[in-house]
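Input sequences plus hints: build the corresponding full structure.
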Amino acid sequence: MKRRGFIQTLGIAAAAGNGYAAKKKKPNVVFILIDDMGWKDLGCFGAKLYETPNIDRLCAEGIRFPQAYTSTAICSPARATALTGLHPMKMQMWNHMHYLPQGQKILPQYLKEAGYQNWHVGKWHIGNEKLKSLPTNLGFDANIGGWSAWGPGSYFWPYLWNGKAHNRNSVPMLNEGGKEGEQLTDRLTDEALKLIDGRNPGQPFYLNYWLYSVHNKKEAKKELIQKYERKIKAMGLERTVRHDPKTGKDLVTSETNAKYAAMLETVDTNVGRILEKLKAIGEYDNTLFIFFSDNGSTTDDVPCAPLNGGKNSTYEAGVRVPAFMAWNGRIQPGGEYNRSIYIGDVFNTVMEATGQTPPETDSRSLLPVFAGKQLPPREYVWYFPDTREKWGQRANAAIYDEKSGMKYLMFFNGDEDELYNLNQDIGETTNLIEQQPETAQALQNRLVQFLKQNMAGTPPPPEKYKASVEQRLGLSLHKTD
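Quick note: the sequence shown, position 451, residue 451 per my numbering, numbers continuous.
Worth double-checking, as some hints may not be accurate.
[Stated by the list, open to error] The calculated label-pair distances, taken between Cβ atoms and stated as ranges, are:
| id | residue 1 | residue 2 | range |
| --- | --- | --- | --- |
| 1 | 202 | 244 | 54 to 64 Å |
| 2 | 329 | 97 | 39 to 49 Å |
| 3 | 414 | 436 | 14 to 24 Å |
| 4 | 430 | 176 | 49 to 59 Å |
| 5 | 371 | 240 | 40 to 50 Å |
| 6 | 219 | 137 | 22 to 32 Å |
| 7 | 131 | 306 | 19 to 29 Å |
| 8 | 222 | 97 | 30 to 40 Å |
[As the list claims (entries may be wrong)] Straight-line alpha carbon distances no greater than 27 Å define the calculated DSS-like cross-link-like pairs of lysine-lysine that follow:
| id | residue 1 | residue 2 |
| --- | --- | --- |
| 9 | 105 | 130 |
| 10 | 194 | 221 |
| 11 | 217 | 112 |
| 12 | 259 | 249 |
| 13 | 105 | 246 |
| 14 | 221 | 179 |
| 15 | 26 | 279 |
| 16 | 222 | 246 |
| 17 | 466 | 105 |
| 18 | 246 | 464 |
| 19 | 249 | 48 |
| 20 | 279 | 194 |
| 21 | 48 | 179 |
| 22 | 403 | 373 |
| 23 | 48 | 221 |
| 24 | 26 | 373 |
| 25 | 26 | 221 |
| 26 | 259 | 218 |
| 27 | 105 | 179 |
| 28 | 218 | 179 |
| 29 | 221 | 231 |
| 30 | 222 | 233 |
| 31 | 179 | 132 |
| 32 | 112 | 132 |
| 33 | 25 | 277 |
| 34 | 132 | 221 |
| 35 | 227 | 259 |
| 36 | 246 | 179 |
These are computed hints drawn from the structure, not numbers from a lab. A quick note: this is a predicted structure, and the numbers were derived from the prediction, not measured. The C-beta atom is built at its ideal place from N, Cα and C for all residues, glycine as well.
Put into structure tokens, the structure is as follows:
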């Protein structure tokens with residue numbers, strides 16, 4: 001069966017086309033991807049405690065996307081979507097244990113064909129050595145720190161989990177050449193700067209600057225932690241929580257985590273180092289900068305307010321992320337796009353910005369947006385039939401219809417389904433399921449149709465939810481190898 005498109009567009013806006021790259025030399029591309037950063041965790045998105053001046057300045061030079069969505073509420077599938085433009089289910093992915101399917105062509109492979117030198121620096125988590133799906137297998141000329149791990153064992157050298165290499169929580173590739181006290185984000189940036197210095201100046205470059213930070217565990221430089229402890233006290237901030245009766249969990253609602261603030265400042269300082277290097281070598285103005293978080297933040301120790309939920313949740317705090325793009329001379333400074341985009345749009349945007357014709361995917365180029373146009377409304381589907389009880393998240397799927405502003409959530413743990421009007425209720429506080437049953441039913445039908453048409457080959461849910469998923473979707477699931 002032909003798989004149904006992830007995005008249900010209501011007409012397609014004309015793309016600005018490949019003339020972008022033809023007007024001048026091909027642009028460099030720097031894709032900054034932060035791990036588990038919440039929607040309001042930057043100064044340019046409203047943070048009060050956290051200090052991110054370098055990122056804020058870059059954002060001010062470009063266009064901000066306050067309704068940017070990721071393709072899932074967890075890391076691996078979102079990262080795969082960014083490099084392919086495909087909905088995760090079309091790659092047989094839905095959680096952090098799933099990798100790119102073998103044979104899947106990704107963005108740097110297209111860029112290499114177009115004459116780019118490509119570098120990956122930081123977290124990868126969409127492949128491994130056994131599957132031959134590490135960055136250097138897939139179009140990157142260099143890979144610094146990217147393998148199967150979802151987080152570092154420590155943010156300080158030698159970056160190991162309890163002193164040992166661990167396939168999920170360590171960065172053994174950087175064990176050598178380090179020193180006591182060396183911080184991971186600093187080290188990754190050192191390596192990125194070396195790659196830039198050693199570039200072939202006759203070729204444009206593509207840099208995946210995908211930091212492990214701010215993924216758990218919360219660990220930062222002592223002097224920065226102390227700085228934010230003093231600032232929290234000076235601002236009179238106190239830790240506050242919101243009790244969630246559906247999960248029994250207390251969700252943090254205040255910016256009072258000094259370690260997290262310190263981690264964010266280290267990220268910002270190192271982004272600033274990349275920007276200054278590009279200015280120094282005369283490449284800043286010819287670089288398209290893309291900034292995204294892969295999913296929302298964790299809810300056990302950092303706030304997600306005013307949004308509901310968090311990482312591992314299809315509520316807004318799990319899937320709405322901070323995002324912006326900047327490109328001197330191509331994007332008007334100080335812009336804001338008030339319609340939705342999603343992380344998969346990175347694929348078509350980069351393809352067209354570098355003069356290439358993208359294959360058919362779920363991605364849409366944002367070049368028309370750079371030119372002041374608006375794209376038609378679309379629909380989004382998220383599928384996460386798992387739970388993370390520690391963070392109060394529940395197994396579910398969701399669909400959002402941008403045209404109406406309505407979002408429907410289907411639960412697989414026996415909880416009542418939910419319906420929200422995001423145009424009026426961004427925090428998803430008022431369930432309209434009883435007031436608008438026809439709207440809920442229509443969205444449920446479209447959600448079920450999409451999931452059924454794209455379920456083939458997708459790994460089954462945990463056994464505890466398998467019967468519920470089968471019953472709710474009207475299909476039979478079989479275990480896959």
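Verification of the supplied hints:
Distance hint for residue 202 and residue 244: a CB-CB separation of about 56 Å, consistent with the stated range 54 to 64 Å. Checked against the given bound of 39 to 49 Å, the beta carbons of residue 329 and residue 97, roughly 43 Å apart, stay inside it. A C-beta distance of roughly 22 Å is found between residue 414 and residue 436, which places it inside the suggested range of 14 to 24 Å. Hint check: residue 430 to residue 176, Cβ distance near 55 Å, so the stated range 49 to 59 Å holds.
Taking 40 to 50 Å as the suggested C-beta distance range, the pair residue 371 and residue 240 conforms, at roughly 43 Å. Between residue 219 and residue 137 the Cβ separation comes to about 30 Å, which falls inside the hinted range of 22 to 32 Å. For residue 131 and residue 306, the hinted distance range of 19 to 29 Å is not satisfied, since their beta carbons lie about 40 Å from each other. Distance hint check for residue 222 and residue 97: the Cβ-Cβ separation is about 34 Å, which falls inside the suggested range of 30 to 40 Å.
Pair hint residue 105 plus residue 130 holds up; C-alpha atoms about 17 Å apart against a cutoff of 27 Å. Restraint check for residue 194 and residue 221: the C-alpha separation of about 23 Å stays at or below 27 Å, so the hint holds. Distance restraint check for residue 217 and residue 112: the Cα-Cα separation of roughly 35 Å exceeds the 27 Å cut-off, and the hinted pair is therefore not satisfied. With a CA separation close to 22 Å, the supplied pair residue 259 and residue 249 stays within the 27 Å bound.
This hinted pair does not check out: residue 105 and residue 246 have alpha carbons roughly 41 Å apart, beyond 27 Å. Taking the CA atoms of residue 221 and residue 179, the gap is about 15 Å. The hint holds against a cut of 27 Å. Simply put, residue 26 and residue 279 have alpha-carbon atoms about 17 Å apart, close enough for the 27 Å limit, and the pair holds. A C-alpha spacing of about 37 Å is found between residue 222 and residue 246, which places the hinted pair above 27 Å, so the restraint is violated.
Proposed proximity of residue 466 and residue 105 is contradicted: the alpha carbons are some 31 Å apart, above 27 Å. Of the supplied pair hints, the one linking residue 246 and residue 464 holds, its CA atoms being roughly 19 Å apart against a limit of 27 Å. With a CA separation close to 25 Å, the supplied pair residue 249 and residue 48 stays within the 27 Å bound. The straight-line distance between the Cα atoms of residue 279 and residue 194 is roughly 15 Å, inside the 27 Å bound, and the hint therefore holds.
A threshold of 27 Å between alpha carbons decides the hint, and for residue 48 with residue 179 the separation of about 34 Å lies outside it, so the pair is violated. For the proposed pair residue 403 and residue 373, the alpha carbon gap of about 17 Å is at most 27 Å, so the pair holds. Using a Cα cut-off of 27 Å, the hinted pair residue 48 and residue 221 holds, with the two alpha carbons roughly 20 Å apart. Proximity of residue 26 to residue 373 is assessed by CA-CA distance (about 23 Å); at most 27 Å being required, the pair is judged to hold.
A distance of roughly 39 Å separates the Cα atoms of residue 26 and residue 221; the hinted pair therefore is violated under the 27 Å criterion. Proposed proximity of residue 259 and residue 218 is supported: the alpha carbons are some 6 Å apart, at most 27 Å. Simply put, residue 105 and residue 179 have alpha-carbon atoms about 37 Å apart, too far for the 27 Å limit, and the pair is violated. With a C-alpha separation of about 21 Å, the suggested pairing of residue 218 with residue 179 holds against the 27 Å cut-off.
Restraint check for residue 221 and residue 231: satisfied, since their Cα atoms lie roughly 16 Å apart, inside the 27 Å limit. Straight-line distance between C-alpha atoms of residue 222 and residue 233 comes to about 17 Å, which keeps the hinted pair within the 27 Å bound. The suggested pairing of residue 179 with residue 132 is violated, with an alpha-carbon distance near 30 Å, which exceeds 27 Å. Simply put, residue 112 and residue 132 have alpha-carbon atoms about 18 Å apart, close enough for the 27 Å limit, and the pair holds.
With a C-alpha separation of about 20 Å, the suggested pairing of residue 25 with residue 277 holds against the 27 Å cut-off. Of the pairs offered as hints, the one joining residue 132 and residue 221 is violated, with about 35 Å between alpha carbons and a cut-off of 27 Å exceeded. Distance hint between residue 227 and residue 259 is fulfilled; the C-alpha atoms sit about 10 Å from each other, no more than 27 Å. A distance of roughly 47 Å separates the Cα atoms of residue 246 and residue 179; the hinted pair therefore is violated under the 27 Å criterion.
Violation of the numbered hints given earlier is confined to hints 7, 11, 13, 16, 17, 21, 25, 27, 31, 34 and 36; the remaining hints are satisfied by the structure.
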